[in-house]
Amino acid sequence: MASEVDWVDYFVFGIVLSISVGIGIFYGCFGSKQKTTKEYLLANRQMSSIPVALSMICSAVSAITLLANPVEVYKYGLQYLMVILSFVPFNLALLYLYIPVYFNLNVNSAYEFIEMRFSHGVRVFVSALAVLHVIISMAIAIYAPALAINYVTDVSVELTCFIIYFVCIFYSAIGGLKAVLWTDVFQAGVMLLSLSVIVGKGVGDVGGMSIVWERAKEGDRLGVLNFDPDPRTRHTIWTCIFAGYFFWLPSYAATQLQVQRFLSMPNMSRVKRALAINFFGLIVIVGLCFFTGLVIFAKFHDCDPLNKTGADPHVENSDQLLPLFVSETSDGIPGLLGLFIAGLTCASMSSLSSGLTALASITTYDYVNKLFPNLSDLKLSLISKVNTFVLGMVSFGFVFVIKNMGDILPVTSSFLGVILGPTLGIFSLGMFFPWANAEGATAGLVSTFAIMITFVLGTNLNSIKDQLPVQTFPLDVSGCPGSNDTMSIFSSNNGHTEWKDKEYSGLVKMLSLSYMWYSGLGCCLAVFLGLIMSLIYNQVTKRERKLINPLCISPPILNLLKKFCPDHIKNWVDISAKPTITISITNEDETVEYNKSF
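Using the working numbering, you'd call the opening residue of the sequence shown number 281 and step up by one each time.
Take the hints with a grain of salt, since some may be wrong.
[What the hints assert, rightly or not] With a straight-line Cα cutoff of 25 Å, these simulated SDA-like cross-link-like pairs (lysine to any residue) come out: (1) Lys318 x Leu385; (2) Lys745 x Ile731; (3) Lys659 x Cys309; (4) Lys789 x Val736; (5) Lys665 x Phe442; (6) Lys842 x Asn384; (7) Lys650 x Gly615; (8) Lys789 x Ile731; (9) Lys497 x Gly487.
In case anyone wonders, no lab produced these hints; they're calculated from the structure.
Please work from the sequences and hints to get the whole structure.
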């Protein structure tokens, strides 16, 4: 490493941690002190659009994004940039298809919808999977900056993870959702500032934008219009748009982590503004990550650090590529390395604190409140805080499991495909298809999990055996010390497409599906199998079906069914009765509930 950490770097890092803790103390110890569950878990449903939007961005753009996306561009080119096009349909789907259902039902937990639409058993099953997903994904998000900090400071990964977990658990437990949202606002600024400064310094080091562009062009990294229909190709225009839609949508539409943020706002008008900010914010931060990948490539254009023979400096795995770039770039500038570590840590702390509040919300509303309905609101709030601490420590234990995994992005994507894809499928099945029933949904969901787990295990086993196609773009080592190469390996023609000329078995071809399709595959399978199983169940049992509350169906879908299937919809949805929900308004002294009809 070219740069060493000094006291200024530690000072910058310490300031960021201190401010995060201070925000938690402010909301936990002053004002109303988070005494009610609605205030603690939903910020009294009175949050404005800007902090919620920035929090959503921070939660979605974790340290995994900051570490892995530049590596994707470095190894596979800028085609991945086209995933930005998927931001349009996925934000529109949220605004018109998914979020209105949660608001119309006035739920506290996303999984309340599952019980209203299907059954309590399905709700327990899906929410239990959600708890597992959040606990493991938090461990992944924290392990990423721990790797970076370990690389540049030699502080152990375990100690770094413990410090970050301790800080996050502290301010999340005492400050609740409101503290998490406002901490995310601060952390979003630090994250954007750190990455911008590092990239700007990197561009200057390599000689300016023209040099970055020229080296990226020579390395064949600038292609963004790959129309290859082969779903095995890692990144194409089709993969980025269609698979990218299912890659981003599940975490926003079908997890308590993001739905909780939507429900913290009082109405759909604020949701609309928040989604608009979220849209542009994602473009900025994700686009900056992609550009970082180009700058890293320009920096190491003739001596690939991932090469294990002759590269100097050298990294053991791709997760250390960005930290290496930063340590090289920040040499001689006090505090710059600390700013990077702080930015990466902020990205992780945001994901962790979001996960902790989501876990507290799930366990409180889906389990504790169900098992002990007579508990006072004050006791429920206290139990939520205890759950935050306990589940946070459980997640910390999973760090030691994640430590033995390989490249972060494919691992995370396969995990999303197994858990989040089918989960989005079950929510979509309930909101879009009123003839689907609880039995069919359960059978479809279980079948999908079995298929996806088998598929992902097969993919990983074949990857370990090096039987899957290698699609890495050419990487040059001619400039490495002691290299005998007299010519850049870029002279090979289309080296990254040579895998298409090789023969693979049918099984390997199937398992070579691009990792970005996993989530979409899981979602579509859950919907398809859920519909088939529902049809079979209805035909076999011939039972009279209970009509569905129309608020459980997505409004545009309900309107289409009323228009084109007016006779059939009466067999599925209770359109004759006025749907009624309970609205709760909480002030400092009391909670008032009243019924509202639509």
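Results of checking the hints against the structure:
1. Lys318 x Leu385: OK: Lys318 and Leu385 at ~16 Å, within 25 Å.
2. Lys745 x Ile731: 21 Å, holds
3. Lys659 x Cys309: Measuring from Cα to Cα gives roughly 17 Å; hence the hint holds.
4. Lys789 x Val736: Roughly 14 Å between the alpha carbons, so the hint for Lys789 and Val736 holds.
5. Lys665 x Phe442: Holds: Lys665 and Phe442 sit about 19 Å apart, inside 25 Å.
6. Lys842 x Asn384: Roughly 18 Å between the alpha carbons, so the hint for Lys842 and Asn384 holds.
7. Lys650 x Gly615: 50 Å, violated
8. Lys789 x Ile731: 17 Å, holds
9. Lys497 x Gly487: Measuring from Cα to Cα gives roughly 15 Å; hence the hint holds.
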